[in-house]
Each structure stands twice: as C-alpha cells, then as structure tokens.
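Asks: Sequence lines, in order, name chains A and B. When the first sequence is numbered by our numbering, its final residue is 722 and no position is left out of the sequence of numbers. When the second sequence is numbered by our numbering, its final residue is 722 and no position is left out of the sequence of numbers.
Check before you lean on any hint, since a few could be wrong.
What the hints assert, rightly or not - Footprint (simulated), chain B over chain A, 3 or more residues, beta carbon under 8 Å:
1) 386 to 395
2) 473 to 486
Stated by the list, open to error - Pairs of lysine-lysine residues, derived as BS3-like cross-links and limited to a Cα-Cα distance of at most 27 Å, are as follows:
3) A:K677 - B:K278
4) A:K720 - B:K250
5) A:K383 - A:K335
6) A:K713 - B:K677
7) B:K267 - B:K250
8) B:K256 - A:K713
9) A:K560 - B:K677
10) B:K695 - A:K267
11) A:K720 - B:K267
12) A:K278 - B:K256
13) A:K267 - B:K713
14) A:K26 - B:K26
15) B:K31 - B:K657
16) B:K529 - B:K518
17) B:K518 - A:K250
18) B:K383 - B:K335
19) B:K278 - A:K278
Hints in this document: simulated from the structure, not taken from any laboratory. None of the values given here were measured: they were computed from a predicted structure. For each residue, glycine too, the CB sits at the ideal point set by N, CA and C.
There are 2 protein chains.
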Amino acid sequence: MKRLIFCLLLLSNLAHADDGYRLWLKYDLIKDVAKREEYARSCQFIAVSNQSPILKSAADELQMGLQGLLGKSIPIVASAGSRTGGVLLTVSKDASADPQQLTQEGYRITSRTTINIASKSDKGILYGVFALLRQVQMGQPIANLSLNSNPKIRYRLLNHWDNTNGTIERGYAGESLWKWYELPATVDPRYRDYARANASIGINGTVVNNVNASARFLTAEYLEKVAALANVFRAYGIRVYLSVYFPAPKTIGGLKTADPLDPEVRKWWADKTNEIYKLIPDFGGFLVKANSEGEPGPQDYGRTHADGANMLAEALTPYDGIVMWRAFVYKADPKADRFKAAHEEFTPLDGKFDKKVIIQVKNGPIDFQPREPFSPLFGNMPKTPLSMEFQITQEYTGFATHWVYEAPIFKECLESDTYIKGKVEASPEPTLGKFVVRGKDLPVDPSTVARVIDGSLHGYKMTAIAGVANTGSDRNWTGNPMAQANWYAYGRLAWDHTLSSEAIANEWIKMTLTSEPKAVKTIANLMLKSREIYVDYNTPIGLSRPWSGVHFAPEPWQEKSARPDWTAIYYHRADSIGLGFDRTATGSNALAQYRPEVQKQWNNPETCPLPYLLWFHHVPWTKKLSSGRTLWDELCTRFYTGADSVRWMQQQWAQVKPAIDPEIFADVTGRLATQHKEAIWWRDSWILYLQTYSKQPIPAPFPKPERTLEDVKRLSEIYKLR
Amino acid sequence: MKRLIFCLLLLSNLAHADDGYRLWLKYDLIKDVAKREEYARSCQFIAVSNQSPILKSAADELQMGLQGLLGKSIPIVASAGSRTGGVLLTVSKDASADPQQLTQEGYRITSRTTINIASKSDKGILYGVFALLRQVQMGQPIANLSLNSNPKIRYRLLNHWDNTNGTIERGYAGESLWKWYELPATVDPRYRDYARANASIGINGTVVNNVNASARFLTAEYLEKVAALANVFRAYGIRVYLSVYFPAPKTIGGLKTADPLDPEVRKWWADKTNEIYKLIPDFGGFLVKANSEGEPGPQDYGRTHADGANMLAEALTPYDGIVMWRAFVYKADPKADRFKAAHEEFTPLDGKFDKKVIIQVKNGPIDFQPREPFSPLFGNMPKTPLSMEFQITQEYTGFATHWVYEAPIFKECLESDTYIKGKVEASPEPTLGKFVVRGKDLPVDPSTVARVIDGSLHGYKMTAIAGVANTGSDRNWTGNPMAQANWYAYGRLAWDHTLSSEAIANEWIKMTLTSEPKAVKTIANLMLKSREIYVDYNTPIGLSRPWSGVHFAPEPWQEKSARPDWTAIYYHRADSIGLGFDRTATGSNALAQYRPEVQKQWNNPETCPLPYLLWFHHVPWTKKLSSGRTLWDELCTRFYTGADSVRWMQQQWAQVKPAIDPEIFADVTGRLATQHKEAIWWRDSWILYLQTYSKQPIPAPFPKPERTLEDVKRLSEIYKLR
C-alpha cells in the first residue's frame, strides 16, 4: 500500500482512478490547508523508545499515514526529550493506574502539548495509532483528546474458508489470498497489507483455511507455509489459527483410528501441536467442524463433541492456544427440524468442555440467512463459553453483486434479548442509558446475545467472535467495493459491539469514499436501508433458503436434493392453505428452546413481528396480518416494493457521482444495474411459484410479471449447467 | 537521524517497487536525457485523420507511451499539415503498391522528416504503433526507419481454459480474468489492459472459455456477458471466440438429440449462430473438444469429426467465422499407443472438412510435455488446414513456480522438419540463409512444421495458431513474473515464427525488467537455458508424464488410475531390463506415422538423439549411450546436474539484483528457492524409484539422496489429500 501511495503521487497527473486496493487506509492529502496545518502542528514527530516489531509497525503506519494526509514527512525519534508537538507511543504497565482501567489490548489517547498514545501492550499502541489516524482521516479534532478504548471481546477473528487449490468456499472476490504453492519462499507483499487492514479495525487472529479442512495443513510441508504467513502477521498483532480435519491422525498420521479417547491418537495430536508451536510460537489454536454436513468427527467413534474438543484442548495445554468447536450440526432427518439440532446436541454437553474450549455458534439456528432469529444456544450453555460466528461473505445476500450493508444484521442478533436472566424493566426515566435496579432478583441489564458473547452475562473468561471473511485476490479485496464496509463493520463491532451501524457507516464512508457531507449522508442512508431492501425482494416476512445449489439462483420450487433439509420446500412449506414453518407447539415446537419471554414475542401469529412471522408460523394465504393486508398481498407488496427500491438505490447513487472516484462510481453503478435485474428475477420467481398455491391475483397497483414460471425456472437451470 | 534517513531510503525504494501489472508496456521515463530529446524531436505530434475505435486506440496508446517514455505530452492532431517531426498514422489501400507487399494486417514504418506508420487496415496501424513504441522502449534509433512487417499466420489466438465459476483449468495465476457474475453491467477496466497487451504482440483473437465447455455460454444470459467483453476487445482488433459444448442442442435447446446430421440440430446451431452474430457482429467462431477425454461429440451418434465440424461450419456460412476442431483425442485402450491416436482418427478424414474448418493440433502427440517430438499429424493432412496449439500455461513445466522460458519449446516444434516434401540439401555455401534449388524435384525449403502451420507448404488459405493462456487475476497476470515472457514470446512467434528465442528474450527483458547490458545478458542466458535445465531434473532423455493427478507432484510409481493411459507407468515402461517406450516396429510402431527421413533420425537407438531416446526406445539400464555413459549413469547425471543447475540459476539471478526492481527481484528469488527444493524432490523421486528396477548404484560423484523412496512417496501423497 505504501508503494501504491507513492505510485499514485508520481502518476497523479495521469489519473485519479481508484482501484480500491487501499481500502479505508487511503491517507490521501487533506484538501483543507488550514486543517492540515493544524494537524501538522500536533504531529511534528513520532517518539517511540522501543523497537519491537509491533511498535515498529505502529510507528511506520503513523509515519506513512501522516505523510499522506499532511503531505510532509514526519520523523520517528527514540525520545521526545523536552520537545512538544509530537506523538508519543508509550507502553506502560502503569497505564491502568487510574480510574478508567485499560485491559491488555486497550489504549488511551490524550493530548495537550503532546499527543500520548498509551497502552499496557505493543498491540494496544498499534490499535491506538489506527484510532488516531482515524480521527485525522475523518477530519475530527485531535487537540484535547481523551479517548479510552478496550476491546469487549478477547479473540476477534476472521475465518477464511480457503482451500489448498486456491478456491474459496463461498468466496466472491477472486481466489484465496494465500498462495500455497509459492509459500514459504515467495511471500506476497499483499499479506502485509492484509494484516494492516485487520489491525486497523482490531482483528487479532485469522483462521487461514476452510472449516471443511484439508489434512494437508497439518503436514510439515504446509506448516512451513503457514509459519511464513504467521511471520508477516505477527508484527501486526495477528495470530494464525488452523481449521483441522478430525481424522488427520489416520490420513496423515498412519494410525488406524482417530478416536479421541485412543491414547495413540491423543499422543499424535500432542506431538503435532508441539511441532506447530516450534514453528509458530504464537500459534492461536484450532477451529473444528466435526460431525457436520458429512465431515467426520468424534461421533464416528461413539464419542461426544466434548470428547473431541477436550482431546485437542489437552494437546494445547502447554501453550497459549484455544479450541474453537463449531456448533453448526444437523442431521438429515426429514421429520426433525434443523432449527433445533444444535441446541439438542450441545446443551446436554454444557459444563463438559475443557477450559480451553469455546463453542462457536452461528448467529441464527439455520445458516446465515438474510434474516434469522438468534440461535437458541445463546444463553443456554451458561457453563461453556460461546463465541459468535457471523458471515461477512455474502453467501446468501447476493454474492459480490448485491449491496447489503451487514452491520444491521450483526447488531440485530447482538442486541436480541435472550431473557436468560429474566425481563429487565427500564426505568421510566433512564439515566445515561442505564437501567434501574429494582431489587436483588432483577438483572441490571438485559440478557442480550452480546452479553453472552462478551462474557459479562455468565462470567466467561474466554470470549471470541469470528467473521467468515469476504476477502479474496480481487484487486479491491471484496469484489463489490461496497462490501469493504462489511469487513470494516465486522471488525469495529468485534472490538465494540455497542457502536451503532450508522456511526460505523459514517466512519467507513469518510475514510473510503468521500467526506462531502451530502454524499456521506446519502450513502449512509443507502447502506442502512440496503439490508431491508434485500430481505424484501429475497426472503420477506421470515422466508428462508430458496436457493439452488450455488446459493445464487432463486429456486423456491426445489424439492429434490441429496438431503431433505437441502431442498427449498423444507423451509418455506408452501401448500394450498398457506406458507411458513410451524415451529410452535402444534409444529416442531422449536420455540420451546427459547425462554418464555422470547416465546411470548413469537408464539402468537397475531402479534409475532412480521419479519419473523414465517419463521415460526404456517399462515393462511388470506389471513389478515398486522399490516392490514392479507399474507398474499403483503408478500406481493414486499417483493414489488423491494425490487423497486433497488431503482431508488440507483437514483440515490447517481446523485453522489461528483463526490466519488470515477472508477468506483462506475463499478457500483454496474453492480446496481445487475442487482435490479436480479431483484426482479427473485420477485418473479417467488411470486409465480407461490401463486400456484395461493391461487390469488397480484394485487393492484402491481403489474403481473412479464414472464412465466417456466421462464424463470429455465433461468435458474442455467446455473446448474456445468 | 540515521533512522529518518533509513526511512526515507526505504520509501524511495518503495516508490520504484513494481507489481508487474504493466507487463512489457511499462513506458517508464527514459533516463538518458540526450536520447529522450532525440526521440522527442521526432515525435512532436501524432497525426491521425480518422477516428475509428481501433485508430483511436492506436493514437491513445502512442500518446500515453510517448508521454511516459519522453516525459512530455504529445498532441494528437487530425492532420500534420506542413509540419514535420511527428508521427503519421496512415490507413491506405495503396500501402501495397510497392515491391514489398503488405497484407491486410501488416504495417510499414518509414521515417525521414516524419515517421509514417502505414497499413491497409486500422489494425495494421495499431500493430505498427506498438512496433514503434517497442523501438523506443528498447532504445533503438527511430530515424531512417524502414520496417515492413506482415503476420505469417492469420488467426493468432489465446485459448482460455476458464470456467463459469471463475476457476481456470491448469491456471496458476489466480482466478479467471472474466467476472461472469458481474458482467455485462460491470466491466472491469482490466479487460482493456488485457486487450492492449495482446494487441501489442499481435494477438487478434481470444477463446474466452474452457474447451471442456459449459453450455451456459450459449444461453442468452451469457452471450450478453461475452458481448460485453467483445465490446472492449474490438477497439484493439481482438475478436471473441467460444468453446462450445457439443450436446448444447439437448442441454439448453430441449432437443432429443445432438446428432450433427439431424435437421433440427442443424437448425438449432444455425439459429444460435444468428443470435450470436446479432450481439457480436465480429464474432470469431467456435472451438470444439469433442469425443475426447469424456467430452461428448459426433461419434456418440455414429458420426465423424468431419460431420460435427461441418455442421458448425454450415451454421457459420453467412458470417466471417471459423470452426477450430481439436485433434486431441485418444481412447482408453491399454493395448493401444496414445501417441498414435490423433493420426489414426484424423488422417482418414483429410479433405472431408468444410473450408471454414481448421483442425487444431497440439505440438506433440501426447500432451504438452516438457519435450515432445512433433505431432505426426503435421504434414499428413495436406487437404485440411491444421493449426498449432501450444500451451503457454505451465501445466507440465512447474506451474507458476519453475522458471521455464518456452520460446525454445515452441521453436523446437516449429523448426522440426516433417520431410513431407522430401529432403532439402542445403547449399554448401548458403547465401542469406536460403537453400539452393538443386532441381525441379527438390523443394526450396525444408518442410518444417512452421510451413505447415503458416500455410506455405500445402497452400492452406486459412492459417491459425493458439496458445493456452497463462493469464489470471493475479496482479502480475502470470503468477511468476518471468512467465510474462512466455505470453510475450507466444505472441511474437505467432506473428513471425522466424524470430529467434534469443531476440524475443532480449526484447522482453529490456521492455520489462532492465536495460542494463550485463543484466540483460545474464537474464537472457538464464532464460535460454531454463527449459533444458527443467527437462534435466524433470523428464530427461525422453521421459514423460510422471505426474500425479494435479500434474504437480512427481509420481513415477503411479500405476492405478481411472484409465490405463492416465498412469505414469504407461509412459515410462520401467522394468528390470530397462526404461522407455518402444515405438519402433518391434513395439507400437508409432514411428511409422512419420516420413522415412524422420524415422531414420529416431528409429535406431544407437543414433537417436538422446533428448528423444526414451520416447521411442526401451533401453537397457546398462546400455552405453552416445554420451559414453550407460543409460542409468546418464539418467543420474541429468537428474543431478539438472537440480544443481537451479543453484546456478539462483547465483546468476543474485547478480542482477542492482538492475532489477526490488519487489520483482524478491519474488523471483523466492520462486527459485522453491524451484531448487522441488528439483531435488523430482530428482530423488525418479532416481529412488528407477533404482528399484535398475539395481544400480548412484555413480560418483553424486551423493545418495538424503531420503528414502517412502519419504518422497509420502510427500506426493500430500497433494492427493482433499
């Protein structure tokens, strides 16, 4: 990125086009001269006494960033001496000796005659440097700063579903960033830029390979390659983790079994772990998908998830590494409700996991749908740390074509109240946003999913969050330039889940696209509405999973698959009477996995909020909903207004043209055109198909689709051709 | 202060870092001021009267190139008027009204008071512009120029084995350049740079999809996407072609058959072709892999390759498009010799193909091995135009890791004498490299493969050449920066196969890497030796195909596969007696497919050149070869000196460091380190395996491998793990 900045400076007479490579770390010259000089007066030097790799990264980044933003070169010195007007980077164990305590990775920025970035750790300094740069990038004042910031979650990870052959499962932005055939000898300079981008938003770990894991990664040959990545990431405070293939002791160890209770198997994992730590002393640990979607696991030997996870934890005992065991499990049982599977398998194991194990739970009970209720596991394993798995890559939200800002998806789940500690009654006059304590039995704060994840609800010592990455080898990292915001938002929320979707959007826009106020407002509005628009034309009122095999083409009519729970009809349950999955007591009773207060919200079809309605109820076509429309009319209204809202997005985007780099503008304009075409395709597919059950006309004022059900079916078939 | 200086030095280094994106079209400022000013005096303006898209591309390229090279902006004017000292771009039908006739795409550059680039076509002007820029890039004089150049082959194509999902079959430089999900609305600016690079070396067509073709490309939805690419390429004289899936009339047409003699099928193809030409008026035509490696074809209906090809030709009759039908066929018969298959299937069809059909033949009879004898089809289908298929991507030559300059591979085939018109006796005193005519019955020139391909031998009207592309989404296009030279060399040879490997290497190095004379010489020497070095450690003395499934890991012991001709032992035939495939009369007699003069070269194991020996003979281990060593000792010598030569390559490369961009230097240094490691792996795999048959010791002075056969087998197994 350093290189690119200079190339751009040198070639500034040739073009202003932006290929998106620099993400939100643009560091372009601030145009307002007065402001620039004001910043420059406070940033005349960077003082750092120590030369650890992470501190060097921090000082270099600050130097490079300020050089770009202020247009002058800022010296790095070992000591400020008696000089003022510079930036001090100070690691100090005493940084916590005051009321607002810093945790290990937290930072404090104070400024008077000098700007002091203080932390108990080198990593905290690095995060503080990015925070200071963010202030400058956003044009905020840096005089009289007093910023304190601690991460709310300890392990903040990206999960890469990347394969040895360079493909990415559910990747839509090119190939894997990791070039396994070239490593370890050839180290792509891009790895460093990847680390910088992650460090800038507080991400401190990365699982480099797919959860559908290849055993290759545990061979000596591949561990060397992984170590070469770790060597780059280390200077940015990022630890490397590996997804492991559970039967590896058989496939590469030559053992006859992978039974987690077999002593030879346990020894194999212990030896392998020792081998890894010799190469990568700060190795983070293992992520495991076992007995899930055909992946082998401990149940193949009559053992439990706990047996499997605890075996790996034992191997990690000598080291500072953890086991992240995924709860994404379900059986191919046509009579069962997949919604209930993870809760059924995992809650009986609560308390049986080693203290190095954390259970990684997807936000919803199914699989990263555009809208899902929160997983009923959250709150229901009080003796076991649970971590959150969000999906940043847009597997079910339009690949790299559709513009869906995901912070509202993440926030919706994090802010959901599990009611694990009962109902919190807000004070009629809330002070400072806090809740009033009514008595010993009443909790102070609601039992949100966020408080499960950040450990505060059950007092977990270990807290973690994972985002399935949307990065790839595309020059702009994420395919759709607007999807960079999802990577950014995930990182910012992993650090502090109380940030608002809007605040994060504003940060990202100003650093990445433009600081022109009207354009910032227009784009932020687009971002904040984008997810609801997508849901409306794609899966409104609680619909889910109407996709064909690649999760791209609409196929609500799909009724055959290798497994019943991989068909579309399994989920929407359309019939002559109505639509939706009855998960009340008359149906699968999945609702019983939630607390009574939650059940009360969703149990009654009359009062269940429309966004969740078809998740829990089979609703007759002519049933009048709370909107005043029948189900059928409400569906049509959503599909039509949703698709039409993409036109509104196009119009809004057209207005910001003068404020946006022309290459980025053209790119997004093209994607919105495709999104509009596909939104209408989605709308037509659903409506034409559901109409065969509802037998209802399309209500005024909406026109009939211009094609038949056969037409849209044919369109979907294209995506099944080799 | 020291630190500050260091940082500034670091930054100034980074300012020059080169990510390889610009390929050989760098246009960096010429450092020699006198030279720059000399050029500038001749290039004060660009005059072009017409504004066709291709002429606009030509003028824009010249302007951009000269601006970069000379550091000043050059105006484009409609007419030079009476001014001199500029560059005139002149399309003129009269450009051929002189002795050295120009063909349609040829160009002439003359310079006195002005530089005149003349051609009969806009495309010729574009090629002339790149030729002029090349002169300047290489520091050659441009005063008193008199360059005439005509392409020797009419259709000069890249073949992309790219799939709809973004993967590339045998691609080692990232994903496909074509972003199918985004097209047609989003048009990556990179498509234009792809077209520029190709036009600069004279490539005038591109087959955008894999020969193992998806029927998707013939759907209305995908044709729109292909048309969007064609719209970009057209301004650079590049036509788009499609690989077609032969049963498409069934899979997407809904017909019950794809029988090429069925009237409905013929109508379907005619209609589809009309549909294509409506969208892409300059569409180039179809490439077909049929009845080959499991792909369906006309033989499924009892028809011949000619029936299939002629049906497509009929559909193309109203248009200026062609059918390229591949001769890459072989049956899974353990008793047959795959070497003979294409000749056996295709020579009986000579003269039976429509005039729009050209048969595309791989350079060798097997499959793009590091060294193969030329295909016996060349010269043996005098009534049918044959085109050449070279592989640029390094499927069998070390992926993107090993440095193999391929011009010598291409040249070796092109210069092979088929002796179709008998033996040419060179004059004892050759004049100007020409051969003396001894009498009416003796040909003027040898019947080289090149003269089959360029049409001069049999008077083909249609001539074509295809290179399987090594491009991908990697920033530097080809993964290994040195592999850019293979794309370049292919294009240059497609234009003029008489260019020498060395001349092309020099051009490429000077335009791409450095003009420092000693470095140019060192790198050219490395390039010219690289292929022989690879052959020595990989497949010496005529060995072939010792690869595991992905064609990466050595697996000479592989004896099981879905087909017998997909095992390694099928090819090398090692046993207790010796090694090699007997293709003489005592064996498969494949040699009989060649002319007697060729047979004479290769038929006798005593005189057969060592590079081809094991292609044609099963040689006893202890047999003394022309080198004076036994077969076993010669093999060991090749494997050891080959692997050791990679160390020499590393040392040579280290010497050019001061002359090379640091990022490129580091990248290649890393790849060479891996290449060396893998060369030893190859050596050890072959030697340890063959030793189980030869029972011979490794001759002095070579040390025994440091590992066992089991060790290297285990290493290969890694590449078969998921």
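Asks: All hints, please: hold or fail.
Replies: Status of each hint after checking the structure:
{"no.": "1", "hint": "386 to 395", "in the structure": "violated (count 0)"}
{"no.": "2", "hint": "473 to 486", "in the structure": "holds (count 4)"}
{"no.": "3", "hint": "A:K677 - B:K278", "in the structure": "holds, 22 Å"}
{"no.": "4", "hint": "A:K720 - B:K250", "in the structure": "holds, 14 Å"}
{"no.": "5", "hint": "A:K383 - A:K335", "in the structure": "violated, 31 Å"}
{"no.": "6", "hint": "A:K713 - B:K677", "in the structure": "violated, 52 Å"}
{"no.": "7", "hint": "B:K267 - B:K250", "in the structure": "holds, 13 Å"}
{"no.": "8", "hint": "B:K256 - A:K713", "in the structure": "holds, 20 Å"}
{"no.": "9", "hint": "A:K560 - B:K677", "in the structure": "violated, 49 Å"}
{"no.": "10", "hint": "B:K695 - A:K267", "in the structure": "violated, 39 Å"}
{"no.": "11", "hint": "A:K720 - B:K267", "in the structure": "holds, 25 Å"}
{"no.": "12", "hint": "A:K278 - B:K256", "in the structure": "violated, 63 Å"}
{"no.": "13", "hint": "A:K267 - B:K713", "in the structure": "holds, 24 Å"}
{"no.": "14", "hint": "A:K26 - B:K26", "in the structure": "holds, 25 Å"}
{"no.": "15", "hint": "B:K31 - B:K657", "in the structure": "holds, 19 Å"}
{"no.": "16", "hint": "B:K529 - B:K518", "in the structure": "holds, 17 Å"}
{"no.": "17", "hint": "B:K518 - A:K250", "in the structure": "violated, 54 Å"}
{"no.": "18", "hint": "B:K383 - B:K335", "in the structure": "violated, 31 Å"}
{"no.": "19", "hint": "B:K278 - A:K278", "in the structure": "violated, 64 Å"}
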